[in-house]
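J.: Next come the chains, spelled out residue by residue.
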Amino acid sequence: MGNEKVLEMKNITKTFPGVKALDRVNFTLKKGEVHALLGENGAGKSTLMKVLNGIHKRDEGEIIVKGDPVEFENTKEAQNAGLAIIHQELELIPHLNVAENIYLGREDKKGIFINYKQLYQNTADVLEMLGVDIDPRAKIKDLNIGSQQMVEIAKAVSQNADILVMDEPTSSLTNQEIDILFELIERLKEQEISIVYISHRLEEVFEICDRVTVLRDGQFVGEVKTAETDEDQLINMMVGRTIEDRFPEMKFNPGEEILRVENLAVPDKIIDASFLLHKGEVLGIAGLMGSGRTELAKAVFGVYKEKTGDIYFKGKKLEINSPADALKNGISYLSEDRKDEGLVLGLPVADNISISVLTTMLKAHTFINAAAEKELAQKYIEDLSIKTPSEMQLVKNLSGGNQQKVVISKLLSTKPEVVILDEPTRGIDVGAKREIYNLMQELVDNGVGVILISSELPEVLNLSNRILVMHEQEIMGELDAADANQEEIMQLATGRRNQ
Amino acid sequence: MNNLSSNLNKNNILEVLNKFKTGIGLLVLIIILSFLSPYFLTIPNLLNIVRQVSIIAIISFGMTMVILTGGIDLSVGSMLAFSGAITAGMIINSGLNVFLAIFIGLAAGTALGLFNGIAVAKAKLPAFIVTLAMMTIARGFTLIYTNGRPISGFDETFRFFGAGYLGRIPVPVVIMFLLLFVIYILLKKTPLGRYIYAIGGNEKATKLSGINTDKIKIAVYALNGFLAAVSGIILTSRLNSAQPMAGEGYELDAIAAVVLGGTSLSGGSGGVVGTIIGALIIAVLNNGLNLLNVSSFYQLVAKGAVILLAVFLDRKSQQQ
Amino acid sequence: MNNLSSNLNKNNILEVLNKFKTGIGLLVLIIILSFLSPYFLTIPNLLNIVRQVSIIAIISFGMTMVILTGGIDLSVGSMLAFSGAITAGMIINSGLNVFLAIFIGLAAGTALGLFNGIAVAKAKLPAFIVTLAMMTIARGFTLIYTNGRPISGFDETFRFFGAGYLGRIPVPVVIMFLLLFVIYILLKKTPLGRYIYAIGGNEKATKLSGINTDKIKIAVYALNGFLAAVSGIILTSRLNSAQPMAGEGYELDAIAAVVLGGTSLSGGSGGVVGTIIGALIIAVLNNGLNLLNVSSFYQLVAKGAVILLAVFLDRKSQQQ
Amino acid sequence: QDIKIGLAVSTLNNPFFVDLKDGAESMAEEMGVEILTVDAQNDAAAQLSSVEDLLIKQIDVLIVNPVDGNAVVSAITAANDAGVPVITVDRAAEGGDVVSHIASDNVEGGKMAGEFIAKQLNKEGNVVELQGIPGTSAARDRGKGFNIVMDKYPNLKVIARQPAGFDRAEGMTVMENILQGNPDIDAVFAHNDNMALGAMEAISAAGRSDEIMIVGFDAIDDAVEAVKEGKMAATVAQRPTLMGEMAVETAVKVANGNEVKEYIPVPLELITD
Ligand SMILES: Nc1ncnc2c1ncn2[C@@H]1O[C@H](COP(=O)(O)OP(=O)(O)OP(=O)(O)O)[C@@H](O)[C@H]1O
Ligand SMILES: Nc1ncnc2c1ncn2[C@@H]1O[C@H](COP(=O)(O)OP(=O)(O)OP(=O)(O)O)[C@@H](O)[C@H]1O
Ligand SMILES: [Mg+2]
Ligand SMILES: [Mg+2]
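Residue numbers (the numbering used here), protein chains in the order written: chain A, 3 to 501; chain B, 121 to 440; chain C, 121 to 440; chain D, 542 to 814.
Zero decoy hints are in this set.
Per the computed footprint, the stretches of chain A lying under chain B, defined by three or more beta-carbons under 8 Å from a beta-carbon of chain B, are:
{"id": "1", "stretch": "321-331"}
{"id": "2", "stretch": "335-342"}
{"id": "3", "stretch": "368-379"}
A few chain C residues that don't get close to chain A, going by computed Cβ distances all over 12 Å:
{"id": "4", "residue": "G215"}
{"id": "5", "residue": "V421"}
{"id": "6", "residue": "L433"}
None of these hints come from the bench; they were simulated from the model.
Note that the coordinates shown come from a computational prediction; the quantities given were computed from them, not determined experimentally.
Ideal placement from N, C-alpha and C gives every residue a C-beta, glycine not left out.
Generate coordinates for the entire structure from the input sequences, incorporating the hints supplied.
T.: Here's what the structure looks like:
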């Protein structure tokens with residue numbers, strides 16, 4: 003790492019209607035360093051990087067890239083100046099294949115035609131360098147969100163940029179993939195490539211970053227060397243107070259059985275799953291990407307029409323043929339893919355939170371009880387500290403993490419008795435994470451049965467009292483969280499059954 | 121004074137004012153026409169215009185809902201003709217009571233719409249194709265039922281709906297405003313309305329929120345059929361004749377009114393207040409060109425140009 | 121043998137076979153008609169059908185591209201009429217050389233398309249409204265230019281394009297297949313083609329990839345205008361007359377062909393091979409109904425029902 | 542003396558009505574009266590609206606060429622209520638106060654075409670009928686007259702009856718298809734010249750011009766030309782220009798308070814060379 007500044011952003015200000023997203027922010031990046039950009043949800047991290055890449059126009063301020071002041075009109079100009087960005091919210095074309103997505107706008111040509119041979123070769127090379135097994139010819143819409151994230155990474159890396167922005171690249175990745183990504187980052191560093199790294203996982207920051215810049219409420223809080231700081235200080239800078247432990251000491255009080263799944267099977271998705279959930283406990287489900295955890299959850303939630311097996315709720319057999327059936331019986335599901343399955347982006351925050359309870363709790367005769375709806379929305383905005391100018395803000399204008407909180411609010415509003423959380427802390431800041439953990443404790447205290455699917459093993463280990471491990475569409479075994487460890491889980495997750 | 125209600129009122133007024141931004145094109149059009157023709161801004165002519173707009177407007181209300189769910193309905197004109205013909209046939213040929221005949225006519229339109237809805241929601245066929253097919257099928261039914269001849273000659277009771285007045289206000293105008301109000305409330309204040317927006321915004325997420333999206337889509341298409349029938353009955357009454365070819369091409373006018381009114385063709389955003397403004401733009405334009413005696417070929421050019429201009433002004437003013 | 125090329129071929133064949141799944145509706149239709157009419161499955165009739173389909177097919181190719189970008193073009197019929205009239209006028213009234221006249225006709229169509237493109241891409245107006253306006257504007261221009269009367273009576277050179285043969289194959293059919301091939305390659309093998317899909321799939325993401333999406337959309341609408349002009353010139357030549365009202369309602373046929381062919385109206389997926397199958401379904405249906413001498417009112421019902429059935433079969437077979 | 546005449550035509554998408562309008566407008570110019578023309582584009586409801594618009598402008602006489610005889614009654618009543626006298630052209634109204642009706646009879650025209658074909662074929666042969674837009678009055682009446690004649694002669698068979706939308710391209714396509722299925726055709730009657738001319742192109746492309754005679758309706762320029770060249774056998778002339786001229790003449794008389802005849806027939810003419 004040299005001392006040469008490749009990037010300087012000075013006094014950057016950016017306002018959206020009703021929101022001052024950035025307020026005279028400074029940021030500098032040195033050649034060959036990995037520089038973490040931290041802050042709570044909605045602090046302005048993504049906005050700062052979008053301003054840098056010519057996606058948003060700044061109101062004020064100065065950007066100097068490799069010594070020259072720049073004024074990017076669009077992403078193309080930023081690309082030409084050697085900048086690349088991995089978007090937080092995936093920006094891929096569903097019906098095009100992996101190779102076409104990665105090289106979109108930068109195709110190799112033979113005459114006027116695309117040189118597909120070269121294109122697939124190059125793609126295979128990039129994917130191999132990333133160490134992931136994705137078919138260059140697969141369509142994006144057929145990939146799960148983790149693989150899509152790897153494609154987004156490959157797209158940015160393949161641009162051979164010398165300033166690379168990574169906006170929460172690991173939020174959809176499993177540990178293995180994260181390790182691969184970190185190896186890649188090390189190699190890029192050796193090539194003197196500078197990286198801006200945004201993440202809500204502090205341990206990652208300490209593992210790969212050299213320096214840290216912290217934003218709060220659109221303002222620059224400070225810049226520190228990783229070697230000269232610790233988690234507590236960073237958290238303090240981010241949230242303005244200290245947070246005790248990362249994980250709360252979960253207290254379970256398992257009561258009677260609330261959900262029993264017997265021999266549940268879905269063609270091509272789930273093989274013969276049986277498990278049990280009690281009131282007042284957290285059942286973790288671990289597994290590698292594509293192991294079928296999401297499918298299992300969706301099968302219980304009534305998403306698939308073709309399924310066999312039985313689901314018992316409080317000992318009574320249930321016919322769940324649609325999400326509506328599931329919700330009616332108090333079973334709710336938080337999707338891992340908020341953009342595609344969780345939110346109506348064009349509607350306000352309030353409408354998204356209330357949608358599942360309009361005909362039950364919020365009904366005044368035939369009308370929606372507008373006052374109650376507003377109250378409901380405001381309660382969750384406060385409870386989960388959703389950062390939004392008002393409950394009428396369109397969800398698409400919220401930061402990624404705050405969008406996630408809106409989906410959680412929607413789920414909680416149904417007052418569920420069984421809660422299935424699929425990657426609930428994806429893209430959520432430390433403070434809010436802790437709030438969600440507390441919320442889980444609260445649910446458990448109220449006798450709710452919680453199923454937690456997470457790719458962060460520490461999360462599963464610390465928050466569950468029992469853990470199911472899946473491998474290739476099958477439940478491989480069950481572990482007691484109290485005496486399980488990561489190695490044990492990984493063994494099951496890679497297909498080695500325990501005795 | 122009640123604080124809450126005053127607050128609510130203020131909000132409502134602000135919202136309505138904001139809606140009228142969509143009307144800037146209409147406003148400019150009205151001002152220009154007032155200068156160009158002394159006949160334009162007279163009470164009789166304004167009543168004339170709102171009466172003329174009522175047929176298309178009522179269809180457009182249904183179309184707004186369909187488009188909000190992300191669908192489309194090309195069959196409105198044919199459903200209109202079919203319902204009108206059935207109603208007329210019941211009165212003239214079968215000698216039924218007027219109200220019973222109207223009931224049957226409304227049921228006929230609703231049934232066709234229901235079929236559209238089931239084919240779209242349950243069989244998952246593209247709305248464009250389903251309703252295009254319905255457009256020719258319902259037209260065929262109408263021609264078969266009427267044997268290609270108009271059915272004419274109604275009594276005063278039936279003529280009231282299209283040609284009557286309540287005070288100085290033509291009955292179709294009253295019906296139109298009533299429906300506008302009901303559908304506005306439906307869309308803005310009821311769960312069904314909310315679901316209609318949600319489906320258009322993200323159908324998958326809406327389904328996962330526990331909503332039976334199929335049922336709602338079916339309801340919307342059926343309601344659209346019903347509204348086409350209302351329009352058909354008014355038109356039949358107004359013309360004193362059920363025309364087998366009535367309503368041909370109205371689908372384009374209705375969709376144009378919806379889109380001019382700011383509802384996005386991909387669904388999820390917009391509303392029925394914009395739609396009536398869109399329908400008025402078209403009606404005022406037709407009226408104005410006739411009043412100015414623009415010759416018919418040039419009328420086409422002028423009409424296209426003014427519509428472009430109106431939507432351009434609207435979009436510009438919204439960007440501010 | 122070259123391994124790679126054999127591999128490529130195999131892939132292509134598989135892809136084409138997969139495409140023909142879209143054709144299951146067409147196939148069933150053809151089989152049924154072969155049983156019902158002895159005249160149907162004869163070489164002259166099949167040539168007849170492909171010649172008839174060429175006009176709509178060529179428009180539909182352009183429409184496919186427009187729809188792939190997530191747009192729509194209602195003005196194709198009017199652009200067709202305008203280009204045909206201009207070409208005819210240049211030959212008959214202005215006495216220009218046939219090829220020069222054709223060049224001017226093509227330029228006229230392209231210019232109208234270009235205008236559509238600019239209004240959609242640059243002024244960000246909804247494609248539905250822009251092209252609806254262009255539909256009436258271009259129709260008005262045509263009526264003004266022709267004074268509402270046909271322009272007729274061409275020499276052999278000009279009649280070659282619509283009524284001539286190359287061997288046993290009608291010239292319009294040759295032109296259609298040529299264009300099909302070129303546009304297929306354009307869509308599948310060139311960057312422009314990929315960008316067209318990308319824009320329809322996710323315009324924002326495409327823009328973020330550094331692609332000038334505006335330029336591409338403008339090019340697509342202009343190309344669509346060009347293809348409408350090609351169609352218009354063929355039609356004029358074939359009818360030996362430029363009709364001012366030519367092409368009315370063709371936009372619905374063209375869009376139907378595209379959607380029947382499996383291209384999604386919201387853009388991003390589909391293609392031109394499906395479109396020609398969609399266009400053939402419509403043409404075969406019309407031909408069959410004429411051959412079977414189905415009476416006019418029932419024809420409408422039959423047409424709608426068969427289209428529904430065809431798309432139903434297609435969608436079912438694709439789900440498997 | 543400031544006479545203002547309103548002319549509501551059914552459509553200008555057809556040269557026939559363009560001729561009618563041109564006749565009316567040139568006569569109005571000649572007589573020094575003002576004429577305001579509106580076009581209903583074949584939509585009965587649009588016609589009512591446009592008549593209402595004309596009435597707002599306080600016209601002295603209304604000449605209306607109805608889209609449909611029944612539906613136009615509302616428009617006529619509206620004019621009556623406003624004290625504006627009404628003259629109908631080409632199609633009659635089924636009610637309301639009409640001071641004069643100027644037209645030739647479509648049913649009669651259909652009969653003329655039928656009789657002509659019967660005579661040429663010696664009352665024996667296979668005939669094709671190309672129908673107009675189903676449900677329009679022209680298609681109805683012309684078809685009615687034609688089929689009255691066809692039903693009279695048992696050996697004259699209508700082997701195909703297909704709609705072709707009054708459109709030249711569609712006339713061609715439909716005829717092509719009919720030619721495929723019928724090796725033996727002697728005559729074609731089309732409800733208008735546009736379809737007849739389209740059929741003519743299809744027949745000549747199939748090389749069957751010698752076997753098949755074509756009869757059209759309207760006598761538009763292209764058809765008269767084709768009859769002259771022997772490519773078409775006949776067309777029924779309705780003389781739309783004359784109709785327009787007579788309508789304006791009558792209107793001026795009405796405006797000046799003169800008596801006019803209740804029905805002014807415009808003679809039909811079969812053009813055969
Ligand atoms: N297009 C927009 N319109 C209006 N407000 C916006 C828009 N984009 C972002 N904002 C607002 O700007 C602020 C900063 O958002 P930003 O996305 O930069 O946050 P972030 O730090 O990346 O948060 P997260 O960790 O949740 O991704 C938020 O309050 C957000 O609601
Ligand atoms: N729409 C789809 N079409 C085809 N295959 C799909 C589709 N969605 C998912 N899959 C495949 O199904 C398998 C299960 O994927 P999924 O990611 O949902 O499982 P998971 O265990 O929940 O993994 P994750 O760790 O990502 O949550 C994967 O192999 C994925 O590629
Ligand atoms: Mg962010
Ligand atoms: Mg998952």
